[in-house]
Amino acid sequence: MTRRIFNKTSKCRFCRMGVEEVDYKDIQNLQKLATTRGKLFSRKRSGNCARHQRSVKISIKRARFMALLPYVT
Amino acid sequence: MRLYEGLFLIDNMPASTDWDGVVKNIHAILQKNGAEVLKSEKWGEKKLAYKIKGHKRGTYFLVHFNAENTSIPTMKRDFQLSDFLIRFLILRDTVIEELSAVATDEGLGEKETGKVFAAEEELLPEEKSEPLLTAGEG
Chain A
1 MTRRIFNKTS KCRFCRMGVE EVDYKDIQNL QKLATTRGKL FSRKRSGNCA RHQRSVKISI
61 KRARFMALLP YVT
Chain B
1 MRLYEGLFLI DNMPASTDWD GVVKNIHAIL QKNGAEVLKS EKWGEKKLAY KIKGHKRGTY
61 FLVHFNAENT SIPTMKRDFQ LSDFLIRFLI LRDTVIEELS AVATDEGLGE KETGKVFAAE
121 EELLPEEKSE PLLTAGEG
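Just so you know, the protein sequences line up as chains A and B, in that order. In this text, residue positions in the first sequence follow the working numbering: the first is 1, and each later residue adds one. In this text, residue positions in the second sequence follow the working numbering: the first is 1, and each later residue adds one.
Heads up, some of the hints might be wrong.
[Unchecked claim] Here are the computed lysine-lysine pairs in the DSS-like style, where the Cα-Cα straight-line distance is at most 25 Å: (1) A:K32 to B:K46; (2) B:K51 to A:K61; (3) B:K32 to A:K61; (4) B:K24 to A:K61; (5) A:K61 to B:K42; (6) B:K46 to A:K61; (7) A:K32 to B:K51; (8) A:K57 to B:K47; (9) B:K76 to A:K61; (10) A:K39 to B:K46; (11) A:K32 to A:K11; (12) B:K24 to A:K32; (13) A:K39 to B:K42; (14) A:K32 to B:K47; (15) B:K51 to A:K39; (16) A:K57 to A:K44.
[As the list claims (entries may be wrong)] Derived, one-sided and incomplete: chain A residues facing chain B with beta-carbon distance under 7 Å: (17) M66; (18) A67; (19) L69; (20) P70.
[Said to hold, decoys possible] If you want the ones that stay clear, here's a sample from chain B, every Cβ over 12 Å from chain A, calculated: (21) E5; (22) L9; (23) G21; (24) H27.
These aren't lab readings, by the way, just hints derived from the structure by calculation. Note that CB positions come from ideal geometry on N, CA and C, so glycine has one too.
My request is simple: use the sequences and hints to build the entire structure.
Next up, the structure:
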């Protein structure tokens with residue numbers, strides 16, 4: 001039986017950086033949380049905590065509206 | 001009074017020919033609705049992620065202002081009626097952050113946050129193989 005090893009530093013990336021809310025203008029970082037097709041990564045994939053994943057979701061949608069990120073590619 | 005942040009996507013034609021006029025126009029609409037402009041800066045001309053009404057490129061303009069919450073709907077209507085804007089987004093904000101701290105251009109990545117993400121990618125080998133920039137460029 002294998003046991004999953006939990007790392008002490010395995011916090012959400014925004015928690016580690018001390019970011020309150022994710023900014024929709026920060027396209028460079030938001031792009032890394034979406035696939036090349038433009039779909040959002042799951043929480044499992046991105047490793048974000050619930051609060052920051054929600055923040056990312058809103059930010060990506062705002063960035064899409066302003067044509068900073070694509071809806072689909 | 002509350003602090004707001006407005007991002008305006010401006011048509012390239014008026015932006016390239018009469019930039020000062022466009023800025024003056026935006027400020028005039030804000031001031032007409034009782035807003036107090038604190039900071040405004042040009043983000044630059046960018047390629048859009050998708051075509052909007054035939055526009056492939058546009059110029060972004062970021063404004064921070066104080067305004068009454070009751071004046072926002074009329075302000076939005078005024079912006080919708082102005083013909084030089086492709087799109088705009090007005091949101092409540094808590095701090096006036098430097099645009100350079102967020103993103104200045106497509107070629108950034110030297111800042112600290114970039115390093116954190118770069119370190120993380122090494123841990124996730126599957127992420128590495130994907131071209132990350134295609135989303136913004138395509």
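Comparing the hints with the structure gives:
1. A threshold of 25 Å between alpha carbons decides the hint, and for A:K32 with B:K46 the separation of about 19 Å falls inside it, so the pair holds.
2. Using a Cα cut-off of 25 Å, the hinted pair B:K51 and A:K61 holds, with the two alpha carbons roughly 17 Å apart.
3. A distance of roughly 30 Å separates the Cα atoms of B:K32 and A:K61; the hinted pair therefore is violated under the 25 Å criterion.
4. Between the alpha carbons of B:K24 and A:K61 the distance comes to roughly 29 Å, so the proposed pair goes past 25 Å and is violated.
5. The straight-line distance between the Cα atoms of A:K61 and B:K42 is roughly 22 Å, inside the 25 Å bound, and the hint therefore holds.
6. Restraint check: the Cα-Cα separation between B:K46 and A:K61 comes to about 18 Å, which is no more than 25 Å; the hinted pair holds.
7. About 22 Å separates the Cα atoms of A:K32 and B:K51, which keeps this hinted pair within 25 Å; it holds.
8. At roughly 23 Å between alpha-carbon atoms, A:K57 and B:K47 fall within 25 Å of each other, so this suggested pair holds.
9. Between B:K76 and A:K61 the CA atoms are separated by roughly 19 Å; this keeps the pair inside 25 Å, and the hint holds.
10. With a C-alpha separation of about 22 Å, the suggested pairing of A:K39 with B:K46 holds against the 25 Å cut-off.
11. With a CA separation close to 17 Å, the supplied pair A:K32 and A:K11 stays within the 25 Å bound.
12. For the proposed pair B:K24 and A:K32, the alpha carbon gap of about 36 Å is over 25 Å, so the pair is violated.
13. As the CA atoms of A:K39 and B:K42 are separated by approximately 29 Å, the hinted pair breaks the 25 Å bound.
14. A distance of roughly 19 Å separates the Cα atoms of A:K32 and B:K47; the hinted pair therefore holds under the 25 Å criterion.
15. For the hint pairing B:K51 with A:K39, the CA-to-CA distance comes to about 18 Å; that is within 25 Å, so the pair holds.
16. Under the criterion of a C-alpha separation no larger than 25 Å, the hint pairing A:K57 with A:K44 is consistent with the structure, at around 14 Å.
17. The interface hint given for A:M66 is met, as the beta carbon of that residue sits about 6 Å from the closest beta carbon of chain B, less than 7 Å.
18. Interface hint at A:A67: satisfied, since its Cβ lies 4 Å from the closest Cβ of chain B, which is below the 7 Å cut-off.
19. Restraint check, A:L69 versus chain B: the minimum CB separation of about 5 Å is within 7 Å; hint holds.
20. For the restraint placing A:P70 at the interface with chain B, the shortest Cβ-Cβ distance is roughly 4 Å, inside the 7 Å limit, so the hint holds.
21. Taking the minimum C-beta to C-beta distance to chain A, about 9 Å, the non-interface status of B:E5 is violated against the 12 Å cut.
22. Look at B:L9: its CB is around 6 Å from the nearest CB on chain A, not clear of 12 Å, so calling it non-interface is violated.
23. Annotated as non-interface, B:G21 keeps its C-beta farther than 12 Å from every C-beta of chain A; the closest such distance is 22 Å.
24. Every beta carbon of chain A lies more than 12 Å from that of B:H27, the smallest distance being close to 20 Å; the non-interface claim holds.
Checked against the numbered hints above, the structure breaks hints 3, 4, 12, 13, 21, 22 and satisfies the rest.
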